[in-house]
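Sequence lines, in order, name chains A and B.
Going left to right, the first sequence walks through residues 1 to 328 as my numbering numbers them.
Going left to right, the second sequence walks through residues 329 to 758 as my numbering numbers them.
Check before you lean on any hint, since a few could be wrong.
What the hints assert, rightly or not - Some chain A residues well away from chain B (every beta-carbon gap over 12 Å; in silico): (1) 47; (2) 59; (3) 185.
Said to hold, decoys possible - Listed next, with one range per pair, are the computed distances between beta-carbon atoms: (4) B:482 to A:23: 56 to 66 Å; (5) B:447 to A:314: 48 to 58 Å; (6) A:224 to B:732: 51 to 61 Å.
What the hints assert, rightly or not - In silico contact screen, one side only, chain A against chain B (beta carbon under 8 Å); selected entries: (7) 50; (8) 286; (9) 326.
Derived by calculation from the structure, the hints in this document are not laboratory data.
Here the structure is a predicted model, which means the values were calculated and not measured.
Don't be surprised by glycine CBs; every beta carbon is placed ideally from N, CA and C.
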Amino acid sequence: MRELSYAEAIREALRQEMQRDERVFIIGEDVGVYGGAFGVTLGLVEEFGEERVIDTPISELGIAGAITGAALTGMRPVGEIMFMDFTTLAMEQLVNQAAKIRFMFGGKAKVPFVLRTPAGSGTGAAAQHSQSLENWFVHVPGLKVVMPSTPYDAKGLLIASIRDDNPVIFIEHKLLYKVKGPVPEEPYTIPLSTAEVKREGRDLTIVATSIMVKRSLEAAEQLAQEGIEVEVVDPRTLKPLDEETIIRSVMKTGRVLIVHEACKTGGYGGELAALIAGSEAFDYLDAPIVRLAGRDMPIPYNRTLEYHTVPQVENIVEAARQLAQGRV
Amino acid sequence: MAVPVIMPKLEMSQETATVVEWLKQEGEHVEKGEPLLMVETDKVTLEIDSPASGILAGVRVGPQQVVPVTEVIAYILQPGEELPREAEVPSPPPPPIPPLAATPVAQRLATARGVDLSAVVGTGPGGRITKADVEAVLAAPSRPAVEPPPEKVRATPAARRIARERGVDLLAVPGSGPQGRIQAADVLAFTRAPAVAPAPAAEVVPLQGMRRTIAERMTTSYRTAPHITFTVRVDMSGFKKARARLNARAEATGQPHVSATALIVKAVAWALKRHPWLNSTLRDEEIHLLPEINVGVAVALEEGLIVPVVHQADRKSVAEIAAEMNDLVTRAREGRLTPADVTGGTFTVSNLGPFGIEQFTAIINPPQAAILAVGATQLEPVVDEEGQVVVRPVMRMTLSADHRVVDGAMAARFLTDLREALETPTLLLW
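Input sequences plus hints: build the corresponding full structure.
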């Protein structure tokens, strides 16, 4: 199968959905002529025109309000917030309006938009351009939260998100944009709320999100040399979550390591740990549930400090080894 | 102005101190810096100097009283000055009440059913008493005086599940995880160990009734009381002669036959009177030396054994003991013993001599402090006082004692006296 980068896979999903459905349009800062801050929307304004690829002033609240209103009146907008950090500016529209409207209108109104935004550190962009704020949205009923880890998943999940009738926060990762992987040319969807076992193993389960899936798979490869067989599960959609796949994996291995880039405190790992501890997998746990996550601090500008602020492959290897060997 | 004398905090972790003695009397003049009293912490004893010059007054605590640190224990007054108001009524500080953690539903259940929560062992987090703990107390057929705390097992949920599924007692499984935590692999290894695989049963008998009571009491005793055992050899020549004489008399007067056990019970009671610590019971933090000598005698039954008690055996004649034992044993075999017959024992004798057992050790019958295991009397070669090998009837008896109460020398003195009484029954007249 041909390979595309994560960014190209997202662009292809956008193009194919815009070709299929004229209600789909793109709106954001520098998404048109400039092609997006990370080049995701390159060429789309030439193909679809300024009517469907709309550059906005620097107003994240404006973008969120525009896609909410457009979605309400029958369009299927895809908004882009250049850095996830700036979704904080759009919170009122996203949390108080978009997330609530379908509920408050008794299902008679719907808000079918996608808000794409890149999260994560590793680019030297410092504390205000490197955050992973997915759990802010996970906490809000009415929003769906999707976090793809591969080019294949990015395309399939984005198409499914655009076709979903609810507001979807689609969180990409800056360091994944250039990562290549097999992507079919024809349009396809990956149903939301389906987790995937990215690698099978018997000794422990790693539940990881976004770029941590990639790092966990690399760690699993190293651990396999030592005879430790790691199962890596990617929820892909954080909300609503495919609980079944995770619980089944933990029942199989009896040990679970949760890895995410966002700060540990209040992070998604706590939610996963509580889910597992409260599920039928509890009686299969053969060690405490372990979380490996970003330190509870802003991402530093200094590249060395930045590196050590979030989980890296070697950290995952060490934590998984300890857990697999019954030393936790 | 009245200057308070405060119990000083002398060490970081110190919470109380004990007053040893006051070096000044109330009303006596004292100079600032002069030694005022002696106090004792769990580490040191030292003098506390007076914080001011004046007259010692309002002493609130006497010698050997334990006082929380920083508490006012007296005042130094100026001439003509009165004690501050709060000092006038020296009331001892209320004893600290340990917070008794119990869940709301446990408290409600305990109140409704009249269960004393302070006597309930909590199994919840931090020893919190849960509903199940109260229910366990209510469900217990009898509440033993000394209940060992349940042993804590550290095990992962998976290990617990596997143990549950396979009927493994986690207490027996060595844990390989951090701090000895039992992991699934440990339970699996344990179940695979051939030594512990139970042989298939030909018949399954539920543990209930008397069997269950024996199982529980013996387990409690063996777990809580550290057993020490002592064996002595007794020359039964004198005993046999005395017993023959007693039985001749019994026959002549138409009184019941005197069994060897009856005469041994008499001798045991005689020795216990001289060694009260063997006739005691350990209750919480106290050793209670018991006022009566009530000797229990183990009687084997089809379904187990029972221990009827000869009350106040030290005050009864051999004939009385023999008659009473005849009656007790007969009624025990017929299942007609009353609760009064089997309670109140302070020491137990178990005689397996009639079964030909030479020597054995017995488990203490809780809450008693000791038990005597009596073996068979057999003809054996013995070296006598003149160095000659002679044949004598010899009996071995083994005392098991609770080492928390009874030490080796104490047990030895008891056994020496008992042996002497058995070898020379005339001593029982002493």
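*Hints that the structure is at odds with (numbers, increasing)*: 7
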